[in-house]
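Engineer: Chain residues, written in single-letter form:
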Amino acid sequence: MSGLIVTALVVLVFIVIYQIAKASELATILRGEEKVKSQTNRLMAWLMVAFFVLGMIGIFKCHESLIDKMLPESASVQGDHYDTMLIVTLVLTGFVFFVTQLLLFYFIYRYQSTENRKAFFYSHNNRLEVLWTTVPALALVVLVVIGLKNWFTITDKAPDNAMVVQVMGKQFNWLIRYPGADGVLGKTDFRLMNDANNVMGLDWNDPAAKDDIIVENGEMHIIKDLPVHLVINSRDVIHDVGLPHFRMKMDAVPGITTTMWFTPKFTTDEMKAKTHNPNFVYEISCDQMCGKGHYSMRGTVIVQTGQEFKEWMAKQPAYYANVQKAATPETAVPAEGAAPTAPATDSTAHKAADGTTAHN
Amino acid sequence: MSHEATTGQAHAAHAHLDSHGHAHAHGHEHHEQHFIQKWIFSQDHKVIAKQYLISGIIWAVIGALFSVFFRLQLGFPEDTFPIMEKFLGHWAKGGKLTPEFYYALVTMHGTILVFFVLTAGLSGTFSNFLIPLQIGARDMASPFMNMLSYWFFFISSVIMFASLFVQTGPAAGGWTTYPPLSALKEASLGSGLGMDLWLISMALFVVSQLLAGLNYITTILNMRTKGMKMTRLPLTIWALFFTAVLGVLSFPVLLSGFVLLIFDRHFGTSFYLSEIFIGGKALSHIGGSAVLYQHLFWFLGHPEVYIVMLPGMGMASEILSTHSRKPIFGYLAMIISLTGITALAFVVWAHHMFVTGMSPFLGGIFVLLTLLIAIPSAIKVFNWLTTIWRGNLKFTVPMMFALGFVSLFISGGLTGIFLGNSALDIHLHDTYFVIAHFHLVMGVSAFFGMFAGIYHWFPKMFGRFMNNTLGYIHFFITLAGAYLIFWPMHYEGFAGMPRRYYDYSAWESFKQFGHLNAFISVVVIVVFFTQLLFVFNFFMSIFKGRRVTNPNPWGSTTLEWTTPIHPGHGNWEGDIPEVYRWPYDYKDDGQGNDFVPQNIPLKPGEEEH
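Chains as they are written, first to last, in this note's numbering: chain A, 15 to 374; chain B, 12 to 620.
If you are wondering where the hints come from, they were derived from the structure by calculation, not from laboratory data. Since no wrong hints were added, every one of them can be taken at face value.
Below, a sample of chain A positions facing chain B; criterion: calculated Cβ distance under 7 angstroms:
1) ALA35
2) SER38
3) THR107
4) PRO150
5) ARG205
6) THR272
7) LYS306
8) TYR309
Quick list of in silico lysine-lysine cross-link-like pairs, DSBU-like style, CA-CA up to 35 angstroms:
9) LYS51(A) <-> LYS61(B)
10) LYS51(A) <-> LYS405(B)
11) LYS288(A) <-> LYS522(B)
12) LYS51(A) <-> LYS132(A)
13) LYS324(A) <-> LYS522(B)
14) LYS49(A) <-> LYS598(B)
15) LYS201(A) <-> LYS292(B)
16) LYS329(A) <-> LYS171(A)
17) LYS132(A) <-> LYS614(B)
18) LYS238(A) <-> LYS279(A)
19) LYS324(A) <-> LYS238(A)
20) LYS83(A) <-> LYS324(A)
21) LYS97(B) <-> LYS36(A)
22) LYS61(B) <-> LYS36(A)
23) LYS36(A) <-> LYS49(A)
24) LYS171(A) <-> LYS201(A)
25) LYS51(A) <-> LYS555(B)
26) LYS201(A) <-> LYS279(A)
27) LYS196(B) <-> LYS201(A)
28) LYS522(B) <-> LYS279(A)
29) LYS405(B) <-> LYS36(A)
30) LYS329(A) <-> LYS522(B)
31) LYS237(B) <-> LYS598(B)
32) LYS614(B) <-> LYS51(A)
33) LYS522(B) <-> LYS83(A)
These stretches of chain B come out as covered by chain A in the derived footprint (C-beta under 8 angstroms, 3 or more residues):
34) 109-123
35) 382-393
36) 492-502
37) 534-544
38) 550-558
Built from N, CA and C at the ideal position, the CB exists for glycine as well.
Let the hints inform the model, and build the full structure from the sequences given.
Structural biologist: The following block contains the structure:
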């Protein structure tokens with residue numbers, strides 16, 4: 015009922031506005047169309063000027079109120095280059111923006127139709143065309159050069175001393191794997207995955223897999239000033255590892271391994287001090303739409319000093335040992351040559367584990 | 012007025028042979044048609060144009076309403092809105108949108124606006140309406156195929172609309188419907204029946220666009236009236252021509268992508284699927300590539316943004332020139348830049364995929380090609396600015412929208428330079444910066460082109476004017492609203508705030524924008540109702556608008572204004588006018604007029620432009 019009333023009200027308001035507008039149309043005819051037209055024209059020119067002035071004030075105010083809410087300075091070495099490039103591009107495009115908008119609105123005001131104005135018949139000028147083809151082209155060359163230089167640096171091979179960490183996306187959280195003492199990520203096979211005791215499908219036939227460490231709560235610990243090389247993939251649909259503070263992002267695609275690397279500059283504690291925010295935390299956002307829980311697919315990054323990291327790492331049990339310990343007879347890790355298909359019990363475990371069936 | 016003289020001359024000046032066998036179509040010889048034949052299964056391009064336009068308007072209202080719903084969630088994540096339950100039923104129980112339906116709304120908003128409104132509603136309307144009228148043809152090359160194209164679109168619309176009501180909800184994987192999310196029922200509710208209907212609807216939509224596009228191209232190339240050389244075509248026609256070329260060459264690739272997706276969904280193939288563990292099971296698919304779909308999708312997806320943009324560019328050029336009483340500046344440069352944009356549109360698609368892990372070398376090539384597009388775009392902007400420079404600007408409603416188009420195109424276009432540069436794209440990819448960028452440029456700006464076109468050609472379509480006062484209100488609120496909504500989003504994007512999130516309040520890095528999101532949502536509601544005012548104005552004016560008394564109310568030079576106020580099927584009562592000059596002769600005709608229509612022969616000693 016209330017819906018009907020609201021609809022009726024809206025329609026009524028429209029009718030009233032329309033009638034007023036209609037009346038002004040009739041009044042136009044009575045008062046002499048030409049005269050009203052020239053008045054309207056002047057009014058519109060002034061309104062456009064007002065729009066421009068208010069718009070510029072608005073842009074300034076917007077900038078003033080939002081600049082502090084943006085991300086703090088970049089927390090990675092690569093991010094510094096990124097921010098420099100961003101500012102160069104901003105200044106360049108900002109300049110073009112202000113000049114062209116200014117010209118547009120100035121011309122609107124300056125060349126509004128008046129009684130004795132005659133338009134200037136000016137159909138082309140090839141010199142001008144060449145000018146405004148080459149100048150933007152040159153500006154773009156500058157941007158392309160800076161851009162490609164950064165692009166090839168960022169996408170270059172990770173340095174040899176980089177710490178390797180695997181990030182695997184799943185609906186709807188992140189799994190983080192460290193290679194363990196041997197420094198090698200063990201083999202995996204998606205057919206070995208199950209949510210009870212092998213979330214990433216580690217192949218226990220591979221000795222390198224047995225000391226791998228998996229952090230299931232999406233908390234990635236890395237070391238300040240040490241390059242970190244992320245090996246990224248996905249268990250189910252496409253996700254994306256977004257690290258806004260490090261200015262980094264890479265898709266996690268099932269069946270394809272992607273990588274990215276960066277060097278963190280500040281520990282989480284240093285950032286807390288820098289931002290005066292005791293709750294500060296580096297976050298991993300999923301930046302590729304992955305289903306209903308996309309918005310809640312939050313991971314965190316804890317940047318530590320080498321010493322702190324070592325202490326934390328020492329407390330992490332190897333995943334293999336962990337699942338062995340927790341194993342009950344039914345769900346024990348199968349011996350060599352595990353069956354590719356997961357046992358039926360796993361699907362219930364899965365449902366309980368991440369709540370994918372909560373909504374129906 | 013010179014228009015009587017104009018049409019008179021056109022009739023007398025030559026005995027034009029109607030070479031394309033449409034003698035039956037001459038309006039004055041026409042017998043009364045049955046209502047169904049005249050208004051429903053019509054083969055008259057003008058009626059088909061109106062069908063496209065009205066379908067587009069209906070879809071636009073639905074698509075915009077969806078954005079209001081999800082903006083309510085984004086702006087006020089803590090609150091409930093009982094009115095939403097009225098519309099959405101169990102998807103918004105207690106007035107709180109569920110995440111599943113939030114994603115469905117986002118997906119449908121994109122699909123509807125990009126395809127059904129800004130492709131079918133925009134180029135469907137204006138290609139159909141303007142091509143025969145402006146090139147001097149009695150109808151399309153194949154009026155029957157033209158009718159079919161609308162009805163394929165109609166069936167596609169019905170299926171898409173029906174998908175809103177299936178139990179598992181409509182498609183919810185984003186308008187790009189990337190697999191595996193869209194391929195696997197287990198991945199999302201929206202990947203069930205809703206996704207099948209989405210794919211079927213889109214396949215039919217592609218058929219409709221191909222039928223239409225082939226017709227537009229053939230008509231423009233073959234059916235121009237005598238004297239209408241390609242270099243005498245109005246820029247609207249050039250733009251619509253390239254729009255059709257883009258569609259015809261890229262839509263089939265999209266269709267192939269969809270067909271493969273249907274196979275993966277139902278017939279056990281693995282084109283896009285590999286090594287997936289979902290719903291507690293490892294799937295048997297191996298060897299496919301999820302990234303392949305993205306290549307196929309964006310091979311259309313990128314040209315698609317020019318399919319959306321070019322008609323607005325063409326119409327803005329035409330309208331700026333007409334209402335400045337001044338020729339378009341750099342006519343040839345405009346055509347060359349359109350050609351450049353069209354050619355480049357095919358070789359930049361992978362800039363949507365910089366962070367998929369594609370080869371960095373390939374990424375570099377796409378950066379180069381992408382940023383090249385900025386050059387023809389810049390040429391167009393400078394030409395528009397020079398067109399109004401020293402003009403005699405008449406601020407009619409269509410002119411206001413055309414000026415707004417230029418302003419928005421600049422604002423939205425410049426941010427493309429950020430996103431096209433792969434290194435900068437890394438951080439900005441899939442954030443609100445992208446939303447701000449493409450909504451300004453291919454959303455609002457394209458809409459401004461469309462609005463300008465509607466206000467400008469409404470008198471030709473319906474023989475009446477739309478109400479001016481409402482038009483001005485519509486203009487200012489929409490322009491201000493567009494900037495208020497999208498300008499601040501750039502800042503959210505700089506902060507890395509991801510797109511397509513249902514709720515940001517749990518995020519330490521993004522929750523500070525809560526008030527801003529609420530502000531944006533309020534503006535969205537205001538702008539939405541302003542659009543309803545436009546819709547109201549549109550339909551009221553069809554029946555009640557001020558009547559057109561002068562067949563050429565804007566003092567325009569192009570051929571559509573040489574037809575009677577209410578042209579019948581066949582457009583011209585007598586012979587089709589012959590063309591003697593370029594379409595932008597806005598100059599003193601020696602009789603007190605400031606324009607010379609295309610069908611006026613050159614005076615002795617007068618040189619053609």
